[in-house]
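Position 45 of the sequence shown, counted from 1, bears residue number 45 in our numbering, the numbering being contiguous throughout.
Hints are computed from structural coordinates only; laboratory data are not their basis.
C-beta: ideal position from N, C-alpha, C; glycine also.
Be a bit skeptical, because a hint or two may be false.
Cut-off 25 Å, straight-line C-alpha distance, at most; resulting in silico cross-link-like pairs (PhoX-like, lysine-lysine) [as the list claims (entries may be wrong)]:
no., residue 1, residue 2
1, K4, K61
2, K16, K4
3, K57, K5
4, K16, K57
5, K5, K16
6, K4, K59
7, K59, K5
8, K5, K61
9, K61, K27
10, K27, K16
For each label pair, taking beta carbons as the anchor points, the in silico distance ranges come out as [stated by the list, open to error]:
no., residue 1, residue 2, range
11, K57, L82, 26 to 36 Å
12, E87, R15, 28 to 38 Å
13, E56, R88, 30 to 40 Å
14, E87, G8, 31 to 41 Å
15, G25, K4, 14 to 24 Å
16, E28, G89, 22 to 32 Å
17, Q45, K4, 22 to 32 Å
18, Q6, N46, 18 to 28 Å
19, K4, E47, 35 to 45 Å
20, E14, Y49, 17 to 27 Å
21, V86, I30, 16 to 26 Å
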Amino acid sequence: MGNKKQYGDSDSYERKLERVMERIGVKEFIYNFDRFGCWVEFRYQNELYRFEHSIEKAKSKGINLRYGSDAFAQVVLALEDLARMVERGI
């Protein structure tokens, strides 16, 4: 298996994050990722949210990630799931 990335390039997930934030009406957000993990922070309905993930957190759940950009992809996909919930009125 080696050092194979599990998700696509980080640029595509950065663009996806922009679309997800637009879907839920978030105009301003900040994020960062490095070799070991990531975070995304934003304000939604006057509440501040920060989602963090890392290769270490994934490992503690039995998930083998090798790149912080893969952790970032997982956060973006989770936020996309939340956007779907909001759109469905859940």
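Here's how the hints hold up against the structure:
A C-alpha spacing of about 19 Å is found between K4 and K61, which places the hinted pair at or below 25 Å, so the restraint holds. A C-alpha spacing of about 21 Å is found between K16 and K4, which places the hinted pair at or below 25 Å, so the restraint holds. Restraint check: the Cα-Cα separation between K57 and K5 comes to about 17 Å, which is no more than 25 Å; the hinted pair holds. Simply put, K16 and K57 have alpha-carbon atoms about 23 Å apart, close enough for the 25 Å limit, and the pair holds.
Distance restraint check for K5 and K16: the Cα-Cα separation of roughly 18 Å lies within the 25 Å cut-off, and the hinted pair is therefore satisfied. For the hint linking K4 to K59, the alpha-carbon distance of about 16 Å falls within 25 Å, and the restraint holds. Straight-line distance between C-alpha atoms of K59 and K5 comes to about 15 Å, which keeps the hinted pair within the 25 Å bound. Restraint check for K5 and K61: the C-alpha separation of about 18 Å stays at or below 25 Å, so the hint holds.
Between the alpha carbons of K61 and K27 the distance comes to roughly 32 Å, so the proposed pair goes past 25 Å and is violated. A threshold of 25 Å between alpha carbons decides the hint, and for K27 with K16 the separation of about 14 Å falls inside it, so the pair holds. Evaluation of the 26 to 36 Å hint for K57 and L82 yields a failure: the beta carbon distance comes to about 18 Å. Separated by about 19 Å at the C-beta atoms, E87 and R15 break the suggested range of 28 to 38 Å.
For E56 paired with R88, a C-beta distance near 33 Å keeps the hint of 30 to 40 Å intact. The hint said 31 to 41 Å for the Cβ distance between E87 and G8, and at roughly 23 Å that hint is violated. Checked against the hint of 14 to 24 Å, the C-beta distance between G25 and K4 comes to roughly 36 Å, which is inconsistent with it. For E28 and G89, the Cβ-Cβ distance of about 24 Å falls inside the hinted range of 22 to 32 Å, so the restraint holds.
A hinted range of 22 to 32 Å is violated for the C-beta pair Q45 and K4, which are about 39 Å apart. Roughly 35 Å separates the CB atoms of Q6 and N46, a value that falls outside the hinted 18 to 28 Å. A beta carbon spacing of about 37 Å between K4 and E47 agrees with the range 35 to 45 Å that was offered as a hint. Our hint of 17 to 27 Å for E14 and Y49 holds, since their Cβ atoms are close to 18 Å apart.
For the pair V86 and I30, the supplied restraint of 16 to 26 Å holds, since their beta-carbon distance comes to about 20 Å.
The earlier numbered hints that this structure contradicts are 9, 11, 12, 14, 15, 17 and 18.
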